[in-house]
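Please arrange chains B and C on chain A, whose structure you already have, making use of the hints.
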Amino acid sequence: MQELKENNVLQPAMPSSWNEESKPHKFCPGCGHGIILKALGEAIDELGIKDQVVFGCDIGCSLLSWDFFACDSVQTHHGRTTPVITGMKRANNEIIGIAYMGDGGGYAIGSQHLFNAAVRNEKITIILCNNCNYGMTGGQMAPTTLPGMKTETSPYGRDIEQTGAPTKGPEMVAAVAPEGAYVARGTVANVRQAKGFIKKALENQMAGRGISFVEILSGCPTNWRTNAKQTWEFIEKDMAQYFKVGELRVPQVKEG
Amino acid sequence: MAKVVKVALAGEGGQGVQSIAEILAEAANDEGKNALYIPNFGVEQRGGVSIAFVQISDGPIGAPKFQKADILIPLSPRSVKRTQMYAGKDTIYVYDNSLIQEGEVNDNIIGLQYFDVTPPCPTAEQPNADLPADMIAGEPKTCSFTKPGQGVNPADIPEVKKVIAIPANDIAKNEMHPRVFNMIILGAVIAATEVLPLDTIKKALDTKLGDKFKENPELRTMNFTALDRGYNLIKSAM
Amino acid sequence: MAEVSLKGEQRVFMTGNEAVAWAAVAAKVDIMYGYPITPQNEIMHYWTRLAPKYGKRFLQVEDEISAGFTTLGGVMSGRKAFTATAGPGNVLMQESAGMAEMMRLPIVYIIQQRGGPSTATVIYAQQETTLTCFGGNGEGHRIVYSTATHQELFDYTIKAFNSAWTYRFPTFVLGDGYQAKMREPLTIYDPEERGQTLVKPVALVGENIKGKQFKHLRNTYNTEDELYEVVMANQRDWDAMAPKVVEWDQKGCEDAEVIFVTHGVVSRAASTAYDQLRAQGKKVGYFRPITVRPFPDEQLGAAVKGAKKLLVAESAYGQLLKMVKTALYGSNVEIVPMLRPGVGITTEEIVEEYSKL
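Protein chains in written order, with the working numbering: chain A, 1 to 256; chain B, 1 to 238; chain C, 1 to 357.
Hints listed in this document are in silico derivations from the structure and should not be mistaken for laboratory results.
None of these values were measured; they are calculated from a predicted model.
Hints may contain errors.
[Said to hold, decoys possible] In silico SDA-like links for lysine to any residue, alpha-carbon gap of 20 Å or less:
{"no.": "1", "chain 1": "A", "residue 1": "Lys-23", "chain 2": "C", "residue 2": "Thr-220"}
{"no.": "2", "chain 1": "B", "residue 1": "Lys-68", "chain 2": "C", "residue 2": "Pro-52"}
{"no.": "3", "chain 1": "A", "residue 1": "Lys-150", "chain 2": "A", "residue 2": "Thr-226"}
{"no.": "4", "chain 1": "C", "residue 1": "Lys-215", "chain 2": "A", "residue 2": "Asp-45"}
{"no.": "5", "chain 1": "B", "residue 1": "Lys-89", "chain 2": "C", "residue 2": "Tyr-221"}
{"no.": "6", "chain 1": "A", "residue 1": "Lys-23", "chain 2": "C", "residue 2": "Tyr-221"}
{"no.": "7", "chain 1": "A", "residue 1": "Lys-254", "chain 2": "A", "residue 2": "Gly-208"}
{"no.": "8", "chain 1": "C", "residue 1": "Lys-212", "chain 2": "A", "residue 2": "Lys-26"}
{"no.": "9", "chain 1": "C", "residue 1": "Lys-215", "chain 2": "A", "residue 2": "Ser-22"}
{"no.": "10", "chain 1": "B", "residue 1": "Lys-68", "chain 2": "C", "residue 2": "Val-351"}
{"no.": "11", "chain 1": "A", "residue 1": "Lys-26", "chain 2": "C", "residue 2": "Asn-219"}
{"no.": "12", "chain 1": "B", "residue 1": "Lys-3", "chain 2": "B", "residue 2": "Asn-34"}
{"no.": "13", "chain 1": "A", "residue 1": "Lys-26", "chain 2": "C", "residue 2": "Thr-223"}
{"no.": "14", "chain 1": "C", "residue 1": "Lys-212", "chain 2": "A", "residue 2": "Lys-150"}
[What the hints assert, rightly or not] A short, non-exhaustive set of chain C residues, derived as facing chain B with CB atoms under 10 Å:
{"no.": "15", "residue": "Glu-9"}
{"no.": "16", "residue": "Tyr-54"}
{"no.": "17", "residue": "Val-265"}
{"no.": "18", "residue": "Val-266"}
{"no.": "19", "residue": "Ala-273"}
{"no.": "20", "residue": "Asp-275"}
{"no.": "21", "residue": "Gly-344"}
[Stated by the list, open to error] Sample of chain C residues at the chain B side, in silico, Cβ under 7 Å:
{"no.": "22", "residue": "Phe-13"}
{"no.": "23", "residue": "Ala-279"}
{"no.": "24", "residue": "Gly-281"}
{"no.": "25", "residue": "Thr-347"}
{"no.": "26", "residue": "Glu-348"}
Virtual Cβ for every residue (Gly too), placed ideally from N, Cα, C.
Chain A extracted, bound-state conformation:
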């Protein structure tokens, strides 16, 4: 961690796994990505795995994290971070592979990769930011857009008769992954819990037990066109009501 005070001014506390040169980061004000990546950075610090980590980021807003960490990082294509990190881990299992993506990358264009990585119990950690829309492309409907929610491609509200119901990713992964998987859903509204989930997900990979998947509920005030109060209300009430926060799969660790 950097010096807390500089010229007698209190500096923001940054995880040492963060790349200071790329800060302040490029996310919009009020965006949840920064909170998730801070939790991830702290987890990396606490586990002391900075030099083993390869951080892969997808396309969409998650792409803006390509130089976020002071760790080896790879920016890939939309939906393809899961296979890139999978390929890396299969070729060199000393790597701690983290695939970071949004809901479009994980549940739409890359859903076949997520599904099959889960089925194969790939020993990687996938962290997915769920903010109910495609942020970078201007707020289109995502697999996770809530029923009735207005987006650029569902201007009259998401009609689930036409578009299906929002994807419940962790539930899907939990349903298909074999023993050894760790699956949880956290929220930026409870950072301490979210960080705990992320840390457990990394530890699960380090123990070589199976796939580790954490979805984090996050906000997108720019595209939601919400103020701070509305943003938090949406994350804490609307989203949390549909997407239940908590651990879905915790591997049984044998004693002794």
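Showing chains B and C alone in chain A's frame:
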């Protein structure tokens, strides 16, 4: 330029043309010659006729397929019809004139992607009960067909240099064993192509099937007798 | 599968797919990622049988998109990695090939061309030549070896890994269904025993070294100028590399009136036609690009200087022809095309086409 001998074998799925071709090409290779074998695969096999192309030479071999065969051997009435284009004025034409009907191989058996028509093993220890799943229209996927039929219509036989008819299927069925049908054909191919001594094939078979032959010496005798029979059928006709 | 090994030199009789699997073992490849598609399946079949004996790995993934991207992951972690595909699978793999092009990742893809477009046939074609050379939303910064014999499939698969890791451009071996499925003799060997050097892979990320300088690999750029610099730097590297990797074969072009221009398996027919016609005293020539990318432009230009006509034969409708025309821009030699999309071309057909000229 060394001469390239071009052989095309055609038959119904299960008659073993691919395994005959493969043994022939491998034996030529063992003999230090250049050999090239390519099966017709994939959707080309729709309709059931399987064709194997073999080329043997002391020099380099060009394209894997060719237009006119030096030796063309269609083994069923239907393959006689389907191989017209490979027959030329210099072709030696060997066909089976047994009065049989080909088993029906339809598209759902062939599949769209890839279907290897090599039968389970033409020289496997006999008797070998065929599973219902392995039957083609009630016929076992062996190397001969037992349903009587019209046989080859002489009008379908193209104009070639020389036509030799051998009742290989009948000989196998009546005098030997249905499974040695393709050994008779292999013997005939050796005689017709005149590029390899018969002993080379016997050596190749000994290498390929050595374990089976050791287990069952009768099988070896049976196969070699069939091989000689096919060889002599052609030699006496030429 | 034949019991053979790479100890000493061995003459073997096998299919092209088997030859590729053996070549990957000979090139000391660490891992193959794959997804089934005809006619390349047996590369995976043989690799999965060989791999455990040589301490190598295999991962079967969910589709060709994933097969491509896992291969990228494999090479980024410093391992020699490859995949193989054909037809629609090659189309899906272009996304990852584009990323490898931009990020200069030394991937090796084996392409056993089948008929196209769409599902078409599982048999044979040369219709993936343009796709393999120029697929993706870029400039075709790739190396593409078009093989004609099983010996070449073996030799150039080994060479592909060396070229990829030397120049860091995606490298392809362009075979086809005929080569995949036919059997012919070749000699397999351990390249190091022959004194050939195998280029060692280097990890781009993920080396566990305390306090190392981290790397950020990306394929996205914010501004036009930033992208322009990257693409032009790649172009300059590619231009500098091209004369070092370009390969071709030619016979009798010096005094030829008609020159056959073909690539891949069709050049077997052209070569035999050349031999036959020369034996009859006909003034024919034979030219074959072995690397279709980079294309031997200058070499072709020099070879056709004295010729009256070129017969360009390919199992596609003008993919090689386009490359030949580009290479010969400004030349007034007459080009006669012989275009047979998705079907094989025999020696007899080339001789016949020649006799019509």
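Hints, one by one, checked against the model:
1. A:Lys-23 / C:Thr-220: 19 Å, holds
2. B:Lys-68 / C:Pro-52: With Cα atoms ~44 Å apart, Lys-68 (chain B) and Pro-52 (chain C) exceed 20 Å; violated.
3. A:Lys-150 / A:Thr-226: Cα-Cα ~12 Å, so holds.
4. C:Lys-215 / A:Asp-45: Distance of about 18 Å is within 20 Å: holds.
5. B:Lys-89 / C:Tyr-221: Outside the cut-off at roughly 67 Å; violated.
6. A:Lys-23 / C:Tyr-221: 18 Å, holds
7. A:Lys-254 / A:Gly-208: With a Cα-Cα distance of about 13 Å, the restraint between Lys-254 (chain A) and Gly-208 (chain A) holds, given a limit of 20 Å.
8. C:Lys-212 / A:Lys-26: 25 Å, violated
9. C:Lys-215 / A:Ser-22: Within the cut-off at roughly 13 Å; holds.
10. B:Lys-68 / C:Val-351: 14 Å, holds
11. A:Lys-26 / C:Asn-219: Cα-Cα ~17 Å, so holds.
12. B:Lys-3 / B:Asn-34: 11 Å, holds
13. A:Lys-26 / C:Thr-223: Holds: Lys-26 (chain A) and Thr-223 (chain C) sit about 15 Å apart, inside 20 Å.
14. C:Lys-212 / A:Lys-150: Distance of about 47 Å is beyond 20 Å: violated.
15. Glu-9: 15 Å, violated
16. Tyr-54: 25 Å, violated
17. Val-265: 7 Å, holds
18. Val-266: 7 Å, holds
19. Ala-273: Holds - the Cβ of Ala-273 (chain C) comes within 10 Å of chain B, reaching about 8 Å at its closest.
20. Asp-275: This hint holds: Asp-275 (chain C) lies near chain B, its Cβ roughly 6 Å from the closest one there, short of 10 Å.
21. Gly-344: 5 Å, holds
22. Phe-13: This interface hint holds because 4 Å falls under the 7 Å limit.
23. Ala-279: 6 Å, holds
24. Gly-281: This hint is violated: Gly-281 (chain C) lies away from chain B, its Cβ roughly 13 Å from the closest one there, beyond 7 Å.
25. Thr-347: Holds, because the Cβ-Cβ distance from Thr-347 (chain C) to chain B comes to roughly 5 Å (cut-off 7 Å).
26. Glu-348: Interface hint status for Glu-348 (chain C): holds (4 Å vs cutoff 7 Å).
Comparing the model with each earlier hint shows violations of hints 2, 5, 8, 14, 15, 16, 24; every other hint is respected.
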